[in-house]
Amino acid sequence: MESMLKVEKLNVNYGAIHAVRDVSLSINKGEIVTLIGANGAGKSSVIRAIMGLVKAKADEMTYTSPRDNNTVNILGRPAEEHVKLGIALSPEGRRILPQLTVEENLALGAYTRNDAQGIAEDVEYVYSLFPRLKERHRQKGSTLSGGEQQMLAVGRALMSRPDLLMLDEPSLGLAPILVDEVFGIIREINSQGRTILLVEQNAFAALKVAHKAYVLEVGAVGLSGTGAELLNNPKVRAAYLGG
Amino acid sequence: MHRVRNLILTIIAVVLFAFFLDKAPDILNGYWQRILNLIAINAILALSLNLIYGITGMFSLGHAGFMAIGAYVSALLVLTPAQKNAMWILEDIYPWLLNVNAPFVVSLVIAGVIAAFFGLLVALPVLRLGGDYLGIATLGFAEIIRILITNTARLTNGSLGLKGIPAHTTLFMSWGCLGVVLLCMVCMLRSNFGGVLRAVRDDEVAARMMGINTFKVKVIAFTLGCFGGGLGGALMGNLITTIDPRMFMITQTYNILMIIVVGGLGSVTGSLIGSVLVTTMLEWLRIVENPITIGSINIPGIPGMRMVIFSLLLIIVIIFRREGIMGMREFSWDIFFPQAKAKPKAEPHESDTVLEVRDVMLKFGGLTAIDTLSFDIKHGQIMGLIGPNGAGKTSAFNVISGFYKPTSGSIKFLGRSIGGLSPDEVCKAGMSRTFQNIRLFGHETVLQNVMTGARIRQGYHWWMSLLPFVFTDVLREDAAVRAQALDLLGQLGLAEFAEEQASSLPYGAQRRLEIARALATRPKFLLLDEPAAGMNPQESEELLQFIRRLRDEFDLTILLIEHDMKVVMNVCDYIHVLDQGVHIAQGTPDEIKANPRVIEAYLGKGAA
Amino acid sequence: MNLNIFIQHFINALSLGSLYGLVAVGYTMVYGILRLINFAHGDIFMLGAYFVYFATIVYKLPWAVGVVTAIILTTICGLLVDRIAYKPLREAPRISALISAIGVSFFIENFAVVVFTGMPRPVVQPPILMKPIELSGGVRLIPLGILVPVVSFVLVGALLWLLYRTKPGLAMRAISFDIEATRMMGVSVNKIIALAFGLGSALAAVAGIMWALRYPRVEPFMGMTPGIKAFIAAVFGGIGSVPGAMIGGLILGFVEIMSVAFFPTLSGYKDAFAFLLLIMILLFRPTGLLGEKLEDKI
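Protein chains in written order, with the working numbering: chain A, 1 to 243; chain B, 1 to 608; chain C, 1 to 298.
No wet-lab data here; the hints were simulated from the structure. A portion of the hints provided could be inaccurate.
[Said to hold, decoys possible] Computed far set for chain B versus chain C, every beta-carbon distance over 12 Å:
1. 132
2. 331
3. 550
[Unchecked claim] With a straight-line Cα cutoff of 30 Å, these simulated DSBU-like cross-link-like pairs (lysine-lysine) come out:
4. 29(A) <-> 55(A)
5. 191(C) <-> 84(A)
6. 60(C) <-> 84(A)
7. 405(B) <-> 524(B)
8. 167(C) <-> 134(A)
9. 566(B) <-> 593(B)
10. 55(A) <-> 60(C)
11. 131(C) <-> 55(A)
12. 131(C) <-> 60(C)
All residues carry an ideal CB built from backbone N, CA and C; glycine is no exception.
From just these sequences and the hints, can you work out the full model?
Now the structure itself:
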């Protein structure tokens, strides 16, 4: 299988805090890879470092675009350039723009693109994934419910037509019924050919959809394996509830 | 030992300088004497603005206005009735004002007091604003004061200004005033009250949790700073001998601001050095505005060039050396005496319901952060509050410690309702807390952080700290608090760091320091917000022991938010679980571990 | 007060207010994005006035050419200020940029004194703008008095169109809420910030030109007081809001002109009104008329 993202010995420091220690991971084209672990284990820091939002050190951090099979170093690049390469992030806490309407949030997601026709199609595609957003397309982001905001964040990330979609805690704060819905949609997006890196607190749901998973414990990778392997691993439970 | 040495050295320096001032009129020409005077006056102005801005952290652009008040008050008091009669041409002077008169020194004090009074008037409404708005509002007040002076001709002679003010400002006067201001300011800044001022600057939220009424502290600092502004203005008027409203434009404030930025915001020494440099340079740069003849070449003067060079220097300083010359450091004689770093000695030595939370609900707009939370904590318990991200744990802390008002429900602490109290009042009632994202007074020493926590237990008033040799309570109480703080640092294994800057500590030590600071308020009840966040397994293990020790040694009751389940399960007697603002479970650690709802909340649906 | 005089005052207030509004828009855009009071903005306004003075009166260019040249030169100056004095400080504490802004303001004012001398220079008004038009009922209007508000409203309308109907405008609005989230969408933040400075400077240039025509003279410190007042107008309208800045400017213009019109004894206090308005709005509605509330995080 073709490797898409390769990270070797990633380290992130915030002042005196060593948030990520020597994390290595690789993602192949077409996979759903999940990064799970308890709160404060450094999951978000990993994903933010990949996106170029925090200063990080690594032996290697390369991205191979399926568009032209070029491998480029993405360490130290500003986040806005990642989008042009085909990487998109739906960040933790949704970070939708509260004073912009649903439509405008989606338009912002397509900022790097200039094909009006394609953008219009993708807006319809996002609305087909999340019909609720269509109903509210003229409303401001701040008036949406938590679940709708999450949908908007995912939809916005999709608007750049990414090859690698990174989702940071997409189920956070959602009612159980919505969690199922979100994971269903993640599967659907993946089945349409997009590679996904998923950071999740909801380990069971994430492991069920993942082809491959990494468990982070206080900044370092503790375990890795396929989703099914880890689902039955007692250590996973221990990582969450402290044994 | 070295304190005595330093005192002697200071006295020698002062005596030598006084001797120099005495001889100055013989050695120096008028030009240099004037510069020397201006240095002292600018230093007073810079120190007072630095107190407001650099030390207490309030961005004020109103200094020129307070200078104007001081200059006019003093001038009106020292001018003779005959002079006043001759000067008020357009309108008559108020009859009562004509005969008001006072000696120069008295006029200086009155000038300062009236400027301070106006400062207080400004502070009460405006200091509720923060940051940039405060800057603009104070700038507005300064302009209003100038406009008032221009338009109340019967009082101030309007735009004509005042002329012929006796040149009372001698070298001894200006430097004497500076000496007094400096002495009071250094004493205050060295006292624990000074630490409180800097704490308000570094982190207002944390300062409130240390029981400090930060609004009152800011009003005090602002008013004192305005006194300095008035005093400086009065000296300036009596040096230049003419004043008019145009002298006190915003440019005047910028000049003073430049001095403290160049010297270093928050450093007294920096303000002094800045005054010398900026004053001398401003005078010296007049050269570029005057025509010069070198041999047969005539270089015409370029008006405005002086300020061009000057403003460029300011921009360069702020871009390339933001912290100015001194940063926040201060001069000390110790730099001349190389010595091993003095290590303060500090040897390690030495049931009822505390909190009752009933049906507390917290809403932000339409968002429910906490949905009817109720629980009790008994004396000596260590209770855990857990739940996934966004569950409302920190919101619960903020409600209990007074940062948020609950939308409904009641909170009783030691039998007393604390539902609507502010954080400083809650702290005084015997509660203290730490913060999720450590909020230390980062620029202060470790010791000062802890001493700030102890300020609420001190009896002396802030004004006593200006004259600690008169009000010896200040020295005695500060010494006592200092000893207690060192003791506390010793117990928490932080003694070796006492003189280090708090922000330079390793992460784990910063966490402990935050706890030490909270303990310095002598709380009965302590809230710890994620104490193990960012710690490695070994550090968490130590933290476990540490939290138990805290409870036993300080007779505490503890409420703990934590994600590290190992810490929670091992240290807590009882645990409450929140999920999306809803209180979903409670019980002993074993019960919680086996609770299906908890497992589901943490691991996800289908886990249990 | 008869109708004729009232209409004169009304037109006066409208043009003064719309000038404040135009300058205020520049403050509000920069503050909305960077949380920086661009103290140099009033001086950019002054530069606009000087450029048009030199272009048309000294170099005798036709008015239209002179105005365009002045706007372009002023915009370049605005961009340079951002590039040199603010951009190196993006990651620094906010207060550093603020002091840098004060330094830049100081620099431009005094540089103007050096280059242009401190003497006020008279501006020759194009006669076509000054020839009074007689309306029915004996009301006389000067074309300039109509031109100023019309141009201002058209420009602010164009700006609003840009903000609400174009991609860079969308990015600009997004940045003011969340710079990082906007970067994640592939927006080059620095370019958008430069765009905000450029647009603000261009509007300030137009305001400076019209100001110079209205009070027919230019001098190096002419930007100081209008600059501070325009900032106040921006705060009054709700900092960060473009329509708010315009409304704030208009209110300020009307308060200044009308209070003096109805109470001539207050004329000496005219400049104080802006500050009184400011202090009142800050005390009773700190977010301004149209501003959004910003929450502190603990």
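Verification of the hints:
Residue-level check failed: residue 132(B) sits 5 Å from the nearest beta carbon of chain C, not beyond 12 Å. In this structure residue 331(B) is separated from chain C by more than 12 Å, as the shortest Cβ-Cβ distance comes to about 24 Å. Listed as a non-interface residue, residue 550(B) keeps its Cβ farther than 12 Å from every Cβ of chain C; the least gap is roughly 23 Å. Only pairs whose Cα atoms come within 30 Å are accepted, and residue 29(A) paired with residue 55(A) is accepted, the gap being roughly 26 Å.
Annotation: proposed proximity of residue 191(C) to residue 84(A) holds, straight-line Cα distance about 16 Å (limit 30 Å). Between residue 60(C) and residue 84(A) the alpha-carbon distance is near 49 Å, which puts this suggested pair outside the 30 Å criterion. Pair hint residue 405(B) plus residue 524(B) holds up; C-alpha atoms about 22 Å apart against a cutoff of 30 Å. Our distance criterion of 30 Å between C-alpha atoms is met by residue 167(C) and residue 134(A), whose separation comes to about 21 Å.
Of the pairs offered as hints, the one joining residue 566(B) and residue 593(B) holds, with about 11 Å between alpha carbons and a cut-off of 30 Å not exceeded. Between residue 55(A) and residue 60(C) the alpha-carbon distance is near 55 Å, which puts this suggested pair outside the 30 Å criterion. Under the criterion of a C-alpha separation no larger than 30 Å, the hint pairing residue 131(C) with residue 55(A) is inconsistent with the structure, at around 64 Å. Under the criterion of a C-alpha separation no larger than 30 Å, the hint pairing residue 131(C) with residue 60(C) is consistent with the structure, at around 22 Å.
Comparing the model with each earlier hint shows violations of hints 1, 6, 10, 11; every other hint is respected.
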